[in-house]
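Using the sequences and the hints given, assemble the complete structure.
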Amino acid sequence: MIDRSRRLAQFLLSQGAQAIVVACNTATALAIAELRRQWPLIPFVGIEPAIKPALAASAGKPVGVLATPATLSSAKFQALVQSLNPQGDLLLQPCPGLAEAIETLGPDAPGTRGLIARFCAPLREAGCSTIVLGCTHYPLVAEAIREALGAAGAGACLLDPADAVAAQTGRIVASLQTPTARHDAEQAPELIAWTNGQPALLRRVAAACGLDGMPVRTLPAMLE
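In the numbering used here, the protein residues as written are 1 to 224.
Keep in mind that the hints were calculated from the coordinates and are not lab data.
For each residue, glycine too, the CB sits at the ideal point set by N, CA and C.
Check each hint, because a few of them may be wrong.
Claimed, not checked - Label pairs and their computed distance ranges (CB to CB):
hint: 1; residue 1: K76; residue 2: I172; range: 14 to 22 angstroms
hint: 2; residue 1: D89; residue 2: P220; range: 40 to 48 angstroms
hint: 3; residue 1: K76; residue 2: A166; range: 15 to 23 angstroms
hint: 4; residue 1: K76; residue 2: Q18; range: 23 to 31 angstroms
hint: 5; residue 1: R6; residue 2: L191; range: 34 to 42 angstroms
hint: 6; residue 1: A19; residue 2: P139; range: 41 to 49 angstroms
hint: 7; residue 1: F11; residue 2: K52; range: 29 to 37 angstroms
hint: 8; residue 1: E125; residue 2: Q18; range: 42 to 50 angstroms
hint: 9; residue 1: L191; residue 2: T104; range: 20 to 28 angstroms
hint: 10; residue 1: E143; residue 2: L13; range: 34 to 42 angstroms
hint: 11; residue 1: D89; residue 2: L191; range: 36 to 44 angstroms
hint: 12; residue 1: A19; residue 2: A152; range: 34 to 42 angstroms
hint: 13; residue 1: M222; residue 2: A151; range: 48 to 56 angstroms
hint: 14; residue 1: G60; residue 2: L12; range: 40 to 48 angstroms
So this is what it looks like as structure tokens:
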């Protein structure tokens, strides 16, 4: 994970990146410290499960956390949980294979929905009405998660830190820009997606997110 994150960061920097969002909980937990060490002048914005706001919203009721096994077992995540010292129940549910299924099968595929149903069952049985989406893939299947939670799903609070990360990134980028760059930034930015997976699937997901027509390019083979 660290080596691949390093190679991907190097590629993005070669494309002119001035700031990099590590939009993966697992990569943030395992690799962001090394990226910051190697490129101390580049802002790296990480992402971590929204445990603190979830505990605040739960009113003492059980909080469910859906995340990859690597994220839940990481030292960074364990330190986060210990620092918050949750008084209520925190139900950590590893979801092996779910992110990969979303990528390769698609968010609505039967195989993907089967995994969601299996991983949400313990949260439903525990009465969790506040759920932390601890992987950046999981918001793509938020409605399927609600369905898997049963009767409580419609009113469940699903917490995704993406908006906070985007706001922080915007502040950082604004602080890096010269007045001329800020003037140029008033124009619509060019969005380009790079993938080593299935470009057609990524285009469909992008279109579902309102990014229809966004260029999707294939990463160089050395980044596989």
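How the hints compare with the structure:
1. Distance hint for K76 and I172: a CB-CB separation of about 20 angstroms, consistent with the stated range 14 to 22 angstroms.
2. Range check, D89 to P220: about 46 angstroms between beta-carbon atoms, so the 40 to 48 angstroms window is met.
3. Remark: the range hint 15 to 23 angstroms for K76 to A166 is upheld by a beta-carbon distance near 21 angstroms.
4. For the hinted restraint 23 to 31 angstroms between K76 and Q18, the CB-CB distance of approximately 25 angstroms keeps it satisfied.
5. In this structure the supplied range 34 to 42 angstroms is violated for R6 paired with L191, their Cβ-Cβ distance being about 24 angstroms.
6. At roughly 22 angstroms, the beta carbons of A19 and P139 sit outside the given window of 41 to 49 angstroms.
7. Between F11 and K52 the beta carbon distance is about 33 angstroms. The supplied range of 29 to 37 angstroms therefore holds.
8. The given range of 42 to 50 angstroms is respected by E125 and Q18, whose C-beta atoms sit roughly 47 angstroms from each other.
9. At about 23 angstroms, the CB distance of L191 to T104 agrees with the hint of 20 to 28 angstroms.
10. The supplied range of 34 to 42 angstroms is met by E143 and L13, whose beta-carbon atoms lie about 36 angstroms from each other.
11. Our hint of 36 to 44 angstroms for D89 and L191 holds, since their Cβ atoms are close to 40 angstroms apart.
12. The given range of 34 to 42 angstroms is respected by A19 and A152, whose C-beta atoms sit roughly 39 angstroms from each other.
13. At roughly 50 angstroms, the beta carbons of M222 and A151 sit within the given window of 48 to 56 angstroms.
14. Between G60 and L12, the C-beta spacing of about 42 angstroms keeps the proposed range 40 to 48 angstroms intact.
When the structure is compared with the earlier hints, violations turn up for hints 5, 6 and for no others.
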